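K.L.:
Sequence:
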Amino acid sequence: MGRRTRAATAVALTVALALAACSAGSGGDAGGTTSTTERSQGGPSTTGPLGSAPSPPPPGIRIEVRSSQPDRVTGDEARIRVTPPAGVDVDEVALTLGDLDVTDQLAADDGALEGVVRGFVEGNNSLRATAGDDAVVQRVRAWPRTGPVFSGPHLPLLACATEAFGLGAPTDADCSAEARTDAGAIGADGRLVWASDGPLPDPATAEVDGRRVALRVQRERGTVNRATYELAWIDPDPADPEPGTGWNGALVLRFGGAPACTGLYGQGLPPAAAADVDLLRRGYLVATASFLDASVTCNDVLAAETAMMLRERVVEAFGVPEVIVGDATSGGGALAHLLTQDYPGLVNGVVVSDGVADLVTTSTGATDCALLQAWAATPEGRALAAPQRAAIAGHASAVTCATWADRFGGALDPTEGCDPAIDPARVYDPTANRGGVRCTLADATRNQSIAEPGTGFARSPYDNVGVQYGLEALNAGSITAEEFLDLNTGIGGVDGDGRPVDRRTEADPEAVLQAYETGRVSMGGGDQAEVPILALDAYADATGDVHDHVRALGLRDRLAFTGPVDAPGHVLWTEPGADDLDAALAAAAAPPARHASAIATVDAWLRALRDDDQGGPLPDVLARTAPDAAVDTCRPGDRAQPIQADDAYEPDGACEAAFPTAGNPRIAAGGPRSDHVLKCALKAPDPADYEVPLTRDQFERLVALFPTGVCDWSGPSVGEVVPATPDRSYEDVDTPGRSA
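The sequence shown begins at 1 in this note's numbering and counts up by one.
Hint data in this document are derived by calculation from the structure and do not stem from the laboratory.
Incorrect hints may appear among the rest.
[Unchecked claim] DMTMM-like, lysine to aspartate or glutamate: derived pairs with alpha carbons at most 25 Å apart:
#1 683 with 508
#2 683 with 482
#3 683 with 656
#4 683 with 406
#5 683 with 483
#6 683 with 472
#7 683 with 650
#8 683 with 720
#9 683 with 510
#10 683 with 506
#11 683 with 697
[Said to hold, decoys possible] Here are the in silico distance ranges between beta carbons for each label pair:
#12 210 with 189: 23 to 33 Å
#13 273 with 124: 44 to 54 Å
#14 123 with 684: 54 to 64 Å
#15 714 with 495: 51 to 61 Å
#16 109 with 137: 18 to 28 Å
#17 172 with 273: 25 to 35 Å
#18 239 with 645: 17 to 27 Å
#19 509 with 172: 40 to 50 Å
#20 132 with 197: 48 to 58 Å
Here the structure is a predicted model, which means the values were calculated and not measured.
Heads up, the beta-carbon is just placed ideally off N, CA and C, and yes, glycines get one too.
Working from the sequences, and respecting the hints, build out all of it.
P.N.:
Encoded structure:
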């Protein structure tokens, strides 16, 4: 069966992709001063979270804050545009910041004045523009360049990385350092050489937007929002202060990191170099930062805030990008996906290589695997063969669960996951140092989490009450009823410190609700179901790679929660991956060779969306504007040509046959492929649910094992909601772990 479509609300995507800025406009009355503050999309990719197009600009003089929302300026500067009323010359425009005349910081630009205005102070500021008898005021709120703006109170930062990043020693407790720039060139051999490493080669040339440009490169490194960051771009003429002809107008934001916490409370380094030759030679301006690395922060809100500040820096230096594409790998996919859901407009579309939907549901599977591995070491577990263990876990290989447990199974353990550079004496110990920092996923997002009364520890939403591990293996005949019962008798759960215990783990329903409500789970909210998402999968399921094929398709299922059932913006490209585990894991940590063409595909799609003026239902608009390459594709190893079809990944599709979809422990326990359920609803055990007949004694044992019932996967999770408040601020969090 092919991918289906259904009607969606008509949206004005042409207006949507116009990278609007927040503005104040006058009503044009002589001598009158008015003020408005409309919500800035920061570069919206759709008409906005609620589907409403931006209001038309007022007829009088207006001020636009182009580099950020007016209430989210960071540092002492912002790119400002002042447009006079019709018929009024720009020479008549004056702009003041408080009592300071800043008109000379602007330059004429297409009938308006625009420039980077300096002199903002932390807190409230007022911009006042006049032109003849017309005037307007724009209120601006400025924040420290070190943050926070909307992510909530700072967590401790206990290890700086400025020296490792080549910026020298930090200048303050926030790990700040002065920005530095480097010049480089891409030679005829395709290698990028920096001036600091030796003589520069004669630059090769490339075509950017029909122009032949010399591949001279500039790189900027610095700190923002307490993170290290890097920008890179082609600068054919370094003597020209303008961006020049080397920029194609698109910004690529790079996300990365493992699908688990490994560097909490440290500053960290960017997940991948911004100076990517494949992207630079196509004309992209590339930006990244350490807080766009999932393993450094495990905090998608902090990543969103950092992405906002990176965009702000780019707009101040180069102007407003035409489109912004997220380029994510592995755990960075969780950050990119949640940005489209929770902070619409920060990225307009994404390319995700071997990614995960979010960190919360991913950590559920990792914890399940840790429990299954512990059980596999018992006499009952050791009696099972590897194929039986794989069937219980739902993976293509028994090695997959072992990999999750060995490398990422400590998501709930407060003694694991911190930056190795931190003094161990600062880290939590359940007996010796209960006041130390806790290195768990929940504690990394404590401003978005529920706090434990008395301790202030963030509550985890992990729950395995009612989960019948190995149910699908039982029904398939891979394990016996006795083995199934032994497994569920011995699996147990974890305590508040992530240590195995005999009893199942029951999550606080409020913690589960909080995870859904604040957007820690990808649920198709915000722009997520309405923007182009191109997933790249290097299929290596048989090696035990944790970046398994099911994750991209599970996300597609989630997008259907709020959008069309076929998720028209989601495209999957699959090809064979590495033949061994270490190579597969290494490959997933870096952008694949085809990521540049994938980004170009999403870029072209976004520009077509921007230029489309036909309107109509969203599925029709996405289908009409999609480039030829934006179609489900796979390339089996024995084929010279790829398979391309809308139904390629349906159960009877050609790509599903070539690259079979496995599962994970929750899916193998009867859960949905979407794997979005944190805490299942319960029902009484039903003999009809078991393909293998259970004896009376076995069924009574089953009932005793699950006194409150077994998972009812036919309905939603306990506490399940689609996040209803995009662009949410945690500025007013006053109790650690509880959002305002």
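K.L.:
Next step is simple, just say for each hint if it's right about the structure.
P.N.:
Structure-based check of each hint:
Distance check on the hinted pair: residue 683 and residue 508 sit about 19 Å apart at the alpha-carbon level, within 25 Å; holds. Of the supplied pair hints, the one linking residue 683 and residue 482 holds, its CA atoms being roughly 22 Å apart against a limit of 25 Å. Pair hint residue 683 plus residue 656 does not hold up; C-alpha atoms about 33 Å apart against a cutoff of 25 Å. For the hint pairing residue 683 with residue 406, the CA-to-CA distance comes to about 33 Å; that exceeds 25 Å, so the pair is violated.
Among the hinted pairs, residue 683 with residue 483 is consistent with the structure: their alpha-carbon atoms are about 22 Å apart, no more than 25 Å. A threshold of 25 Å between alpha carbons decides the hint, and for residue 683 with residue 472 the separation of about 18 Å falls inside it, so the pair holds. With a CA separation close to 30 Å, the supplied pair residue 683 and residue 650 exceeds the 25 Å bound. The suggested pairing of residue 683 with residue 720 holds, with an alpha-carbon distance near 17 Å, which does not exceed 25 Å.
Among the hinted pairs, residue 683 with residue 510 is consistent with the structure: their alpha-carbon atoms are about 21 Å apart, no more than 25 Å. Taking the CA atoms of residue 683 and residue 506, the gap is near 16 Å; set against the 25 Å cutoff, the hint holds. With a C-alpha separation of about 20 Å, the suggested pairing of residue 683 with residue 697 holds against the 25 Å cut-off. The beta-carbon spacing between residue 210 and residue 189, approximately 25 Å, falls within the hinted interval of 23 to 33 Å.
One distance hint, 44 to 54 Å for the beta-carbon pair residue 273 and residue 124, is violated here, with the actual separation near 39 Å. A hinted range of 54 to 64 Å for the beta carbons of residue 123 and residue 684 is consistent with their spacing of about 59 Å. Checked against the given bound of 51 to 61 Å, the beta carbons of residue 714 and residue 495, roughly 30 Å apart, lie outside it. For the hinted restraint 18 to 28 Å between residue 109 and residue 137, the CB-CB distance of approximately 22 Å keeps it satisfied.
With their beta carbons about 26 Å apart, residue 172 and residue 273 fall inside the hinted range of 25 to 35 Å. The given range of 17 to 27 Å is broken by residue 239 and residue 645, whose C-beta atoms sit roughly 51 Å from each other. At roughly 42 Å, the beta carbons of residue 509 and residue 172 sit within the given window of 40 to 50 Å. Distance hint for residue 132 and residue 197: a CB-CB separation of about 56 Å, consistent with the stated range 48 to 58 Å.
Hints 3, 4, 7, 13, 15 and 18 from the list above are not met by this structure, while the remaining hints are.
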